[in-house]
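Trainee: Keeping their order, the protein sequence lines are chains X and H.
Counted from 1, the first sequence has number 260 at position 260 by full-length UniProt numbering; the numbering is strictly sequential.
Counted from 1, the second sequence has number 135 at position 135 by full-length UniProt numbering; the numbering is strictly sequential.
To be clear, the hints were calculated from the coordinates, so they are not data collected in a lab.
Hints may be right or wrong, so weigh each one.
[As the list claims (entries may be wrong)] If we take Cβ atoms under 7 Å as the criterion, some of the chain H residues that face chain X in the derived model are:
hint, residue
1, Cys21
2, Thr48
3, Thr67
4, Tyr226
[To be verified] Keeping only pairs whose Cα atoms sit at most 30 Å apart, straight-line, the calculated DSS-like set for lysine-lysine is:
hint, chain 1, residue 1, chain 2, residue 2
5, X, Lys272, X, Lys251
6, X, Lys62, H, Lys175
7, X, Lys147, X, Lys136
8, H, Lys175, H, Lys269
9, H, Lys229, X, Lys418
10, X, Lys347, X, Lys310
11, H, Lys288, H, Lys175
12, X, Lys118, H, Lys8
13, X, Lys421, X, Lys387
14, X, Lys476, H, Lys223
15, H, Lys407, X, Lys263
16, X, Lys115, X, Lys263
17, X, Lys115, H, Lys9
18, X, Lys418, X, Lys347
19, H, Lys389, X, Lys147
20, X, Lys387, H, Lys9
Ideal placement from N, C-alpha and C gives every residue a C-beta, glycine not left out.
Read off the chains here:
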Amino acid sequence: MVLNLDTENRKTQNGNNCDDFDIEVKIPKSIFEKLKSIEALKARESQMCISGKDDSIPTCDKNSTPGIITQRSCVYGGARVVLMPITDAVHLVHGPVGCAACTWDIRGSKSTGDKLYKNGFTTDLQESDIVFGGEKKLYESILEVHKLYSPGAIFVYSTCVVGLIGDDIKAVCKQAEEATGCRVIPVQSEGFKSFNKSAGHKLACDAMLDYLIGTEEPEEEHPYSINIIGEFNVAGDLWGIIPLYEKMGVKVHTAITGDSTVKKVASAHRSKLNIVQCQKSSNYLAAQMQKKYGIPNLKVNFFGIDETTKSLRAVAEFFGDEEMIKKTEELIKSEVKNLRDEISEYKKDLAGSTVAIYSGAHKSWALVSAFGELDMEIIMSGTQNGKPEDYQKIREHVNEGTLIVDDASSMELVQLLKEYKPDILISGAKEKYLSLKSGVPHCDFNHDRITAFSGFQGFINFARVVHTAVMTPVWKLSRK
Amino acid sequence: MSELNVIKKERTSVINPLVTCQPLGAMYAVMGIYRGMPLVHGSQGCSTFVRYGFSRHYREPADIAVTSLHEDAAVFGGRKNLISGLGNLAQRFKPDVMGVVTTCSSEIIGDDVGGFIKTAKQEIIKKMGEEAASKIKIVQINTPSFVEHQYKGYDNAIKAIVDTLAEPKDEENGKLNIVPGIVNPGDIREVKHMLSLMGVEGILLTDTSDPFDSPLRPSVAEKTPYYQKGGTTVAEIQDCANSLGTISLANYASSAPASLEKKYNMPSKVSEAPIGIKNTDSFIRTVKKFTGNDVTEEILDERGIVIDAMADVASRYLFGRTVAIYGDPSITVGMARFITELGMIPKVVCTGAKNDYFIDDLKKVAKESDEDIDALSGQDLRALDVYLKENPVDLLIGHSDGRLMAKDLGIPLYRVGYPVYDRVGYQRRPIIGYNGALNLVDGITNTIIDKYYEPQDWKLQQ
Chain X
1 MVLNLDTENR KTQNGNNCDD FDIEVKIPKS IFEKLKSIEA LKARESQMCI
51 SGKDDSIPTC DKNSTPGIIT QRSCVYGGAR VVLMPITDAV HLVHGPVGCA
101 ACTWDIRGSK STGDKLYKNG FTTDLQESDI VFGGEKKLYE SILEVHKLYS
151 PGAIFVYSTC VVGLIGDDIK AVCKQAEEAT GCRVIPVQSE GFKSFNKSAG
201 HKLACDAMLD YLIGTEEPEE EHPYSINIIG EFNVAGDLWG IIPLYEKMGV
251 KVHTAITGDS TVKKVASAHR SKLNIVQCQK SSNYLAAQMQ KKYGIPNLKV
301 NFFGIDETTK SLRAVAEFFG DEEMIKKTEE LIKSEVKNLR DEISEYKKDL
351 AGSTVAIYSG AHKSWALVSA FGELDMEIIM SGTQNGKPED YQKIREHVNE
401 GTLIVDDASS MELVQLLKEY KPDILISGAK EKYLSLKSGV PHCDFNHDRI
451 TAFSGFQGFI NFARVVHTAV MTPVWKLSRK
Chain H
1 MSELNVIKKE RTSVINPLVT CQPLGAMYAV MGIYRGMPLV HGSQGCSTFV
51 RYGFSRHYRE PADIAVTSLH EDAAVFGGRK NLISGLGNLA QRFKPDVMGV
101 VTTCSSEIIG DDVGGFIKTA KQEIIKKMGE EAASKIKIVQ INTPSFVEHQ
151 YKGYDNAIKA IVDTLAEPKD EENGKLNIVP GIVNPGDIRE VKHMLSLMGV
201 EGILLTDTSD PFDSPLRPSV AEKTPYYQKG GTTVAEIQDC ANSLGTISLA
251 NYASSAPASL EKKYNMPSKV SEAPIGIKNT DSFIRTVKKF TGNDVTEEIL
301 DERGIVIDAM ADVASRYLFG RTVAIYGDPS ITVGMARFIT ELGMIPKVVC
351 TGAKNDYFID DLKKVAKESD EDIDALSGQD LRALDVYLKE NPVDLLIGHS
401 DGRLMAKDLG IPLYRVGYPV YDRVGYQRRP IIGYNGALNL VDGITNTIID
451 KYYEPQDWKL QQ
């Protein structure tokens, strides 16, 4: 399918001014008439479209409009969430205290072993450091945390202020590495580097590629070893996946980065296959590992019965081992046997309900199939950091007539919830309370969710959580 | 002899911070204004992470705008972003007040924020017309992130708000200004409750109680633009120049009271948070002094009910038990004093902020209670962790960031402060005033019973 990137439109839209009203309307008339009445949405017509009408996708991947209430984050945040789940590493934030204070335990990534990653480390830059430079302080801090914790590695993140004062964190990291003998890895993640936090994901992947992966040899070579890339073990998702592959005879060497250790990531280059879960943050890493180490990769998805089944089969087929293929089919048969019965009760209540998704780009299309299995329909899907290929993916997955929206601000989200009245919104914590205040049930599918949603058991959990959110009697009272 | 032993920081780095940076305090302050909208002049993360934090703690939406500085702004300055940001925010949200909150990046770039605001005002007049534009006030709040902490940011913001908006008149309004500090909706409601029992009208500078604890009414939320309920109105803030006096309930928030005192010759009093009996008594006395209104029977009864509750449990469960307190510099000191009133011993009090008030106030607590207290000022959670490993206590009082430490140490944690994200209702229940003290007595005692008494043995719990 040919992407309609609409370069003309993107050009006119790349400015920062929200007054660019002369945009071609791509939303069907009926919907547009509805939305036109909403002052806030006028200037953003090109950032929304309806699937199925033509090949169009929303204008996207452009600067945020200053002064709106963006749901976006910064580049540092993007880098942090990718690397944080490495459990035996110190994540040292070189910047003012707030950058570390607001993010040090932001992600509900679980660990079977080390808890070091759950601590917040910062150089806490002060005014004098801004004037005289923070390199000395950084160096001392690295030596200090190394002495206190002997971590597997120390990741050093640069923040906005470091970019401005020009500290050479690479040089400091090198020097500190020589002094400590511990891996000290610079992550050049100045917050303002891009409007899209995906740039931070890429920087994090680069840090692993440049300084970590390929620097150690695995303890054992397994003929069927794989890495699960872009799986961060939020709420223990990973633990719903690993046992399935192990039953097939596949050895999961590590996830990158959920519940991982520095050693495991460092020796990930010997695995025979990479499977990629969060394709937004980690396709790049998989592609680079293929280039550098010749490791092929498969895109997988563990949300929903069908997608999980497909993802298991894909790996078995990749290895082509008859025994494994047989085992896989048996596994699927036994796992799925009671599953559909278990969800049927939820399905009865949920069938026909409508869903809006506003989350990370990967989830904006990867959840569609799972909702289909609950007989629920996606009527709106969007993300704050989408690139053209992400919106193309959404288009391929959703039904005709679905609203696809890029970078909606909080006000626009409230308006869209009002217009579309979905039965549930899937998003993160910032949108959660907007959604509830608007009378729309909500399911958290982000960093601080507390229930694992991956794999077969995860899907039961997911169905239960969605069912609970929609059916809770509070919604019968809220409009009184 | 009792004494305060101040333990010096031994590290360069901060490990598990107990403070965050200035902008958070400023955003909090602006959100307490009716139709007040913070506009953060910085990277997207600067607003996003704070919004996330507020949402987690208050379980409410937190609308905060940002100028989205990117690399070009770092090179060419943030002029364009700030001016168009103010214009867009004004047009879309029609706020009563836009609070421009600077960050580390905009401070370092050296943006002429004041000049940009002037230009933005002209732009807004052009776009919206003189009348509509005149209804939108812009307050410039300088909050460099590499100086001090969120409490300083809060102080800066309240002062900027008052300095920009206050309008003196010839007549006094008979009201009392209150600067509540960074507290919970329940605390602010308790302050209003106490004032109303004394027949005093207050001007809260600012009032975050309703904005951070708003009713769920979808029909209201659907209105555009949607603002959470409540907040101090611009008219009220303007009127604060004509009040009887200003009381700050946080020792770090002294700039606005000082400014009002200087400009309008108005008395002011700054103290630690009115937590516990003595501190609340002192607050009530100050109100009486400033207004001349009498302490009513209702207030005496509320006080009596707390004393009754303390008598019921203090000696039976609490006396002699050791406590570690951490968090906000003002609340921790208030809490330390109340702990001594309960007969418990505040072994160590830790704050991430570094300020002299904290040490001075704690010295007083040590002296009054005749207890030795260790103070960790400008420290972090790891420092407290290391201390507690060597000097274990019976109870921890602090916010949720200490939950893992508490679990590792096997010490029960009674949650107080910001942020509390792993329990519900803390933002609604006051810790300030006599009703706050009552909540604390109940909560602390139940925590002690849970940990140290056999749950099955009802006799022990009598």
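Trainee: Hint by hint, where does the structure go against what was stated? Just the numbers, ascending.
Mentor: The structure conflicts with hints 6, 20, although it agrees with all the remaining ones.
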